[in-house]
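Number of protein chains: 2
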Amino acid sequence: MANIKDIARVAGVSVATVSRALSTPSMVRPTTIERIEAAIADLNYQPNHMAAGLRRQRSDNVLVVVPSIYNPFTSAFVEGIENVARTSRMRVLLGITEGDRDALNTYTAMIAGKQADGMILLESNLPDIVVNPPAKGTLPPIVSACEYPLDHALPRVKIDNHEASALVVSHLAGLGHRRIAAVTGPINLFMSQDRLAGYRLGLARAGIEFDAQLVHEGDFTLQSGYDAMVRLLDAGTAFTAVACSNDEMALGAMSALRARGLSVPDDVSVAGFDDLRFGAYASPPLTTVHSPTVEIGEAAMRLMLDALLPADRQPPAREVILPHRLIVRESTARVPARVVAGT
Amino acid sequence: MANIKDIARVAGVSVATVSRALSTPSMVRPTTIERIEAAIADLNYQPNHMAAGLRRQRSDNVLVVVPSIYNPFTSAFVEGIENVARTSRMRVLLGITEGDRDALNTYTAMIAGKQADGMILLESNLPDIVVNPPAKGTLPPIVSACEYPLDHALPRVKIDNHEASALVVSHLAGLGHRRIAAVTGPINLFMSQDRLAGYRLGLARAGIEFDAQLVHEGDFTLQSGYDAMVRLLDAGTAFTAVACSNDEMALGAMSALRARGLSVPDDVSVAGFDDLRFGAYASPPLTTVHSPTVEIGEAAMRLMLDALLPADRQPPAREVILPHRLIVRESTARVPARVVAGT
DNA sequence: TGCGCCAATGTAATCGTTACCATACGAAAG
DNA sequence: CTTTCGTATGGTAACGATTACATTGGCGCA
Chain P
1302 MANIKDIARV AGVSVATVSR ALSTPSMVRP TTIERIEAAI ADLNYQPNHM
1352 AAGLRRQRSD NVLVVVPSIY NPFTSAFVEG IENVARTSRM RVLLGITEGD
1402 RDALNTYTAM IAGKQADGMI LLESNLPDIV VNPPAKGTLP PIVSACEYPL
1452 DHALPRVKID NHEASALVVS HLAGLGHRRI AAVTGPINLF MSQDRLAGYR
1502 LGLARAGIEF DAQLVHEGDF TLQSGYDAMV RLLDAGTAFT AVACSNDEMA
1552 LGAMSALRAR GLSVPDDVSV AGFDDLRFGA YASPPLTTVH SPTVEIGEAA
1602 MRLMLDALLP ADRQPPAREV ILPHRLIVRE STARVPARVV AGT
Chain B
1302 MANIKDIARV AGVSVATVSR ALSTPSMVRP TTIERIEAAI ADLNYQPNHM
1352 AAGLRRQRSD NVLVVVPSIY NPFTSAFVEG IENVARTSRM RVLLGITEGD
1402 RDALNTYTAM IAGKQADGMI LLESNLPDIV VNPPAKGTLP PIVSACEYPL
1452 DHALPRVKID NHEASALVVS HLAGLGHRRI AAVTGPINLF MSQDRLAGYR
1502 LGLARAGIEF DAQLVHEGDF TLQSGYDAMV RLLDAGTAFT AVACSNDEMA
1552 LGAMSALRAR GLSVPDDVSV AGFDDLRFGA YASPPLTTVH SPTVEIGEAA
1602 MRLMLDALLP ADRQPPAREV ILPHRLIVRE STARVPARVV AGT
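Chains P and B, in that order, are what the protein sequence lines are. The first sequence begins at 1302 in the working numbering and counts up one residue at a time. The second sequence begins at 1302 in the working numbering and counts up one residue at a time.
No lab work stands behind these hints, which were simulated from the structure alone. Among the clues, some could well be false.
No farther apart than 25 Å at their CA atoms in a straight line, the calculated lysine to any residue pairs in the SDA-like style are these [stated by the list, open to error]: (1) K1437/B x I1305/P; (2) K1459/P x E1448/P; (3) K1459/B x S1389/B; (4) K1437/B x A1303/P; (5) K1459/P x E1596/P; (6) K1306/P x G1414/B; (7) K1306/B x A1339/B; (8) K1437/B x N1304/P.
Start from the sequences, fold in the hints, and give me the full structure.
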């Protein structure tokens, strides 16, 4: 493989000029650039990215850390990140933790090791270095795309989960429902807690008393939504609607209702959260809150680009909150005259 | 950030010994290793990956190129790749093409530029360098996880789309269906052609004549499945079953049938392909062919690791074919006594 | 003519490893 | 007692770019 020296020799200039022709062409005379470009084409030259990176102390990689990519929510998020990375000569390095804290810390170390310039987190945990920042030394560039109870100073992007959940409950209450169940995410996650709190807020606004018996925990998977609904039905407590903390669980819940011979929305109204494509084509199409997942990824990557700017013209760390909106489809309807479910 | 020289100084050894302690500890006396490790912990040392990479001419990155990650099939595939990459000190660099040929060639150039050691393709196109290999010079390590009509020599992994499609049709024919429609993927893709050929093979085996009017083209999205079904119904040709080339389109087709007031499977049987999680929780649960997507990714990454081995003990390029299996759920049933659809 | 300045280019240090080769030393073999 | 060998370690030249600093030549202006 040809290197910059070869190009310099063939073009009859110094390596410095070749480098400048490539990175700051305005400093090089046009005719010289032509000669250099001819040589590059001739020798099929491709700059060695690791050599450049070593010298510039930049890898141009951003590490994206997610629990798993195999799910529509995170993959939409990653797609958004890649969308803007691509237009900024940055590359996405994928890190999957499977929820493992150690893995997260290993990934964080990659920044110190110059494998990545920064890290975007879609994780429920924070790396140790953020939780217990070392006295001396500065934190690596990290953007958080999830919510944390901790009062950390990371730039972050999110939606207003609290209000969004309340909105769903208000919608159901507006349809006359009073017995509204909830299927939450893993309750150790702050995001789950936030959505649950939003559910309670929605109930309070509608003057409905909270009933802990109507709240069941899932883990954001289809199966867990199915299981939660089965538990809900078996518990025998009456309910006419259920607000699920994501679409996957809502789809799972609908599947369980169908298996029990109950109709959505005639017997039970079901609402989700996230607005996955699959929800729109479900039977019946799922009422949900649209979460701009791709845009969240895009915003996160933009925050990362900001954080990577030279310190002197770096904007202050920001929190970006993207708008959500309720999408009413056919899985929610007026409360049935006769309560069938869970009696 | 401390470097290897600092460690050497603090531990009272040479940089060479530090390097050896890290990469080939068997060559270093245990007591020396201890001193070095103490220094590493002391100074919070993290080897600079770009410097090492520059020297070793290895980035330890594998570039995974997909049209889009925002879909369950590719994200499962990528998850599989990451699974084995993680256990081999390799990292996944994500490349999204959005179907753009130029983008694909740009990604290929990253290998020459040492940003990645090799490339795994889940693409319908091949990069120019594979289609027209340069006379001199060797091809970069590329693994293909799709099928190409070209007789290229890339190591590849796939399933037997031909037989798998035939299997679906045989299943439908076994239920008494004779008027079996097909919704295909973009027909310019070889994989789509292969699945269509399998459909024809299945018909032939059942002694059913092929009817071009029953074949409609989609693009693997939910919406395209919906649209294809609408076209099928509007065309007025009678049919009692439809074999879709992937689950997304099958789910879209079911949605369209439902919108027209038709029942699955009472009026029309619907079968998919891929076995997405969502299919199992659809209403009704979708009959499909299980494609071991995560495993395809894992196998692809293993082939990549082989291809990255030093030339002397490198196994010959292989083709891996993973097993598929039919999963019968409730979206397919015996042919109805009276044909309702498309009349 | 002489001075200063700017544009274009060259020289060489530097980034942090790895790996080749050399060396030192003790043990085993002759 | 010398030679040979093996183990542990040290010295240092790459790897291939970027960039601070130096150099050159030409031009405008007093």
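Structure-based check of each hint:
The straight-line distance between the Cα atoms of K1437/B and I1305/P is roughly 21 Å, inside the 25 Å bound, and the hint therefore holds. Distance hint between K1459/P and E1448/P is fulfilled; the C-alpha atoms sit about 7 Å from each other, no more than 25 Å. Of the pairs offered as hints, the one joining K1459/B and S1389/B holds, with about 22 Å between alpha carbons and a cut-off of 25 Å not exceeded. Restraint check: the Cα-Cα separation between K1437/B and A1303/P comes to about 14 Å, which is no more than 25 Å; the hinted pair holds.
This hinted pair checks out: K1459/P and E1596/P have alpha carbons roughly 10 Å apart, not beyond 25 Å. With a C-alpha separation of about 15 Å, the suggested pair K1306/P and G1414/B falls inside the 25 Å cut-off, and the hint holds. For the proposed pair K1306/B and A1339/B, the alpha carbon gap of about 15 Å is at most 25 Å, so the pair holds. Distance hint between K1437/B and N1304/P is fulfilled; the C-alpha atoms sit about 18 Å from each other, no more than 25 Å.
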